[in-house]
Structure formats: structure tokens, C-alpha cells
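Generate the whole structure from the sequences, applying the supplied hints.
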Amino acid sequence: MNYREAITTITELLEDQLVICANGLISRETFTIRDRAENFYMIGSMGMASSIGLGIALSKPSRKTIVLEGDGNLLMNLGSLPMTGSLQPGNLLHIVLDNEVYASTGNQPTISNVIELEEIAKSAKYAYVKRVTTNEDLKREVIHTLKSEGPSFLLVKISDNAEQIGIGRVTHSPEQIKERFMSAISGKR
Amino acid sequence: MHTSEDFAQELIDSGYDFFTGVPCSIIGNLITNLTDRPDVTYIPAVREDAAVGVASGAYMAGKVPVVLMQNSGLGQCLNTLTSLNLIYKLPCLIIVTWRGFEGKDAPEHLIMGRTCDKLLDTVGIPHHNFNHDNMKALINMSYKLVTENREPLVLFLKKGIID
Chain A
2 MNYREAITTI TELLEDQLVI CANGLISRET FTIRDRAENF YMIGSMGMAS
52 SIGLGIALSK PSRKTIVLEG DGNLLMNLGS LPMTGSLQPG NLLHIVLDNE
102 VYASTGNQPT ISNVIELEEI AKSAKYAYVK RVTTNEDLKR EVIHTLKSEG
152 PSFLLVKISD NAEQIGIGRV THSPEQIKER FMSAISGKR
Chain B
568 MHTSEDFAQE LIDSGYDFFT GVPCSIIGNL ITNLTDRPDV TYIPAVREDA
618 AVGVASGAYM AGKVPVVLMQ NSGLGQCLNT LTSLNLIYKL PCLIIVTWRG
668 FEGKDAPEHL IMGRTCDKLL DTVGIPHHNF NHDNMKALIN MSYKLVTENR
718 EPLVLFLKKG IID
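Chains as they are written, first to last, in the numbering used here: chain A, 2 to 190; chain B, 568 to 730.
Among the hints, a few may not be true.
Non-contacting residues of chain B with respect to chain A, defined by C-beta distances greater than 12 angstroms in every case (computed) [as the list claims (entries may be wrong)]:
(1) SER571
(2) GLU675
(3) HIS676
(4) GLY691
(5) TYR710
So the derived label-pair ranges between C-beta atoms look like this [unchecked claim]:
(6) LEU712(B) with ASP138(A): 46 to 56 angstroms
(7) GLU117(A) with LEU712(B): 44 to 54 angstroms
(8) GLU180(A) with ASP603(B): 30 to 40 angstroms
(9) GLU16(A) with PRO674(B): 49 to 59 angstroms
(10) ILE168(A) with HIS695(B): 39 to 49 angstroms
(11) PRO62(A) with ASN698(B): 38 to 48 angstroms
(12) PRO62(A) with GLU715(B): 21 to 31 angstroms
(13) GLU16(A) with LYS671(B): 49 to 59 angstroms
(14) ASP36(A) with GLY691(B): 22 to 32 angstroms
(15) MET708(B) with SER187(A): 18 to 28 angstroms
(16) HIS699(B) with ILE168(A): 50 to 60 angstroms
(17) HIS695(B) with GLU137(A): 49 to 59 angstroms
(18) SER187(A) with ASN646(B): 25 to 35 angstroms
Computed footprint of chain B on chain A; a stretch qualifies when at least three of its residues, placed anywhere within it, have a C-beta under 8 angstroms from a C-beta of chain B [what the hints assert, rightly or not]:
(19) 36-45
(20) 168-180
If you are wondering where the hints come from, they were derived from the structure by calculation, not from laboratory data. In this text, all values refer to a predicted model and were calculated from it rather than measured experimentally. C-beta atoms are modelled at their ideal positions from N, C-alpha and C, and glycine is treated no differently.
Here's what the structure looks like:
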């Protein structure tokens, strides 16, 4: 399973859930595969996806909020895991696509080849933690965690052969991304 | 000297309804007050950039957030402020305690104490200073600025203005 397959599987299962997409390939790929108002695309502030998602989840408990980020993003703001675990937002689903590299900058290694990130999420008291290695398991786990109480954490092992050719860039401006995302939040309870 | 309780009440009465941050001794009582109050929630953050990130999410979900930190934390969250808040126009009030003001403090505070206001000028974040007389006026004005301009705004708080 590579990036594109994982993001395709996840986005096909979405209804009105809010998704914070981390900067780099994850935002670009999600935008290319399924652009929607409920997606907040980050273009900077690496590491902050999980914090932004936490702020939304706490402030809007009636909406399922998904953080979609990579291993490099998570490692940059690892303190976010215990913050989330201590606050226990039941509506938060945290998905980490782990390819063990910084794919957006050309596959320089992270450290997740030797560090099991899902074990950190367990220690941080996420209510549900799963390590996923196949597309079939990913589909099953996303269906399950979208319905169940969290905070949930899915560590999705993917290959590092991201095809960067042909991936679009997010064409909306940062302000446009924010405005339509906020409308998508306030439009529904 | 204002009480921390009055200070917290003024923030809430002005319309702020989401609080997060990282402690400093100057705002220790303020954070205790916000934590103990039944009418608001204070989210303890592990780092200043995480606090700004959480506040930004809260804003998009309908809150008007306040972030509390020491000026040392400005360095920690500068990238989030410049590559998230300023470009997406995600506002928050940031109350920053000014350690190292006029060079009177421990060595680790002196460089940031000398430069924190200029740092904000350089990246284009507006800032004002609390003094002994302007607490209510400044908090009220800040709410108008934050919600209308949709940008982060820093209010510097030196030692001795709140208890």
C-alpha cells in the first residue's frame, strides 16, 4: 500500500467528517483525490495538524474530527499525543501514514523504522490504537473508528514509493481553505 | 495591581471563550483561576506552538481563543504564527509575559527580553503593553481587533501588573 492507495481508501469512506490534512504530500494528494470543504489543507506549520485537530475536536464535540498526517509530522509534535490522551476527545480519529521517510522532501529517513509510534499512542492513553499494514485492514479499521468513541489512533504502514509526478498542488488560497472549512463546520451541528 | 481574578473575568466578559497556554510565574495565579473556574476551560499545552495550534482549531470551530505564554515561548511558536495564523488569517489573543524587561532578569531571559517586541514587528504581529491603568480598555480593544482583523495580537504583561 502506498500513499495514494491509503488516502483513496480513507477518503472514500468519508461523509461529513472534518479532516485536518498535514502539509506536504498528504494535503496535495488528498486535494487531488477528493477535494471537499470539510478538508483543511495545511501548507506550513509542520507538526501542527494534531494540535489543530485537537482544538476543533474539543470545541465541536458533535463532529467527528480526523487528523491525517505522516510519521515526520507526528514526530515533530510528539507532545500532542499525551495532550490528546489526557483530554480524551471521543470524537477524534488520528491517522498516521507511516512510510519511515520525509517523502515531501525526497525520502530522507525519519526514525519510525525503529520506533513504533503506535506504542507511544498507547502509552498516551488513546482509547483505541491499531497498527495497520494492508489496504483491507485499513478500510475495516477506518469504518470501525469512524463509528466508535475515541480518541482513536491508526498507524498505517505504507511504502515509500510515492509517485510525486502528477500530484496537484492545492489551488485554493489559505484564506479560501479556511473560509470554506469554517462554513462546513458551522453549517451542521 | 489588578487581581488575576479580575483579569480573567475581564477576558471572559469581553467575549473570549477558549483558553490554553504554557505557564510563567507572572501568570501563575491567572492560569490557576482559569483552571478552577466552572464557566470556562483552560487547556494546558505542552509547548507554545501546540497551544497556538489548538487555539487555531478552536477558532475555526467557533471559539475566540486566548493563548498564554512567556516571551521565551514566542521563539517556540514563531513558525506556527507565520506559516499558519498570519497566512490563513486565524486570529488569537496571545498574552505574553515579558521576562528580561530592561535587562533585569536571569541570563536566559535577557536576549528575548531585549528583542521580543522587535521580533513581532519584524514578522508583522501587532502588540501592545499592559500597564497599571489600561487593563480593561486593552482587553476590550483586543477583542475588537482580534475578531475584526482576524490576526494574532500580542499583549505584553510585565511583572507586577497582576497579582
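Structure-based check of each hint:
Every CB of chain A is more than 12 angstroms from the CB of SER571(B) (nearest about 24 angstroms), matching its label as outside the interface. In this structure GLU675(B) is separated from chain A by more than 12 angstroms, as the shortest Cβ-Cβ distance comes to about 21 angstroms. Separation of HIS676(B) from chain A is adequate, the least Cβ-Cβ distance of about 23 angstroms exceeding the 12 angstroms criterion. With a cut of 12 angstroms on Cβ distances, GLY691(B) stays outside the contact zone with chain A, its closest approach being about 15 angstroms.
With a least beta-carbon separation of about 18 angstroms from chain A, TYR710(B) lies farther than 12 angstroms from that chain, consistent with its non-interface assignment. Against the hinted window of 46 to 56 angstroms, the Cβ-Cβ separation of LEU712(B) and ASP138(A) comes to about 50 angstroms, which satisfies the hint. Checked against the hint of 44 to 54 angstroms, the pair GLU117(A) and LEU712(B) passes, with Cβ atoms roughly 46 angstroms apart. For the hinted restraint 30 to 40 angstroms between GLU180(A) and ASP603(B), the CB-CB distance of approximately 36 angstroms keeps it satisfied.
Under the hint 49 to 59 angstroms, the C-beta atoms of GLU16(A) and PRO674(B), about 55 angstroms apart, fit the expected range. At roughly 44 angstroms, the beta-carbon separation of ILE168(A) and HIS695(B) lies within the given 39 to 49 angstroms, and the hint holds. Between PRO62(A) and ASN698(B), the C-beta spacing of about 39 angstroms keeps the proposed range 38 to 48 angstroms intact. A hinted range of 21 to 31 angstroms holds for the C-beta pair PRO62(A) and GLU715(B), which are about 28 angstroms apart.
Judged by the Cβ atoms, the range 49 to 59 angstroms given for GLU16(A) and LYS671(B) holds: they are separated by roughly 58 angstroms. The hinted window of 22 to 32 angstroms between ASP36(A) and GLY691(B) holds, with their beta carbons roughly 30 angstroms apart. Judged by the Cβ atoms, the range 18 to 28 angstroms given for MET708(B) and SER187(A) holds: they are separated by roughly 26 angstroms. Judged by the Cβ atoms, the range 50 to 60 angstroms given for HIS699(B) and ILE168(A) holds: they are separated by roughly 56 angstroms.
Our hint of 49 to 59 angstroms for HIS695(B) and GLU137(A) holds, since their Cβ atoms are close to 57 angstroms apart. Checked against the hint of 25 to 35 angstroms, the C-beta distance between SER187(A) and ASN646(B) comes to roughly 28 angstroms, which is consistent with it. Interface restraint, the stretch 36-45 of chain A with chain B: holds (4 residues with C-beta to C-beta distance below 8 angstroms; minimum three). Residue count for the stretch 168-180 of chain A with a Cβ under 8 angstroms from a Cβ of chain B: 4. That meets the three needed, and the coverage hint holds.
Every hint, counting from the list given before, is met by this structure.
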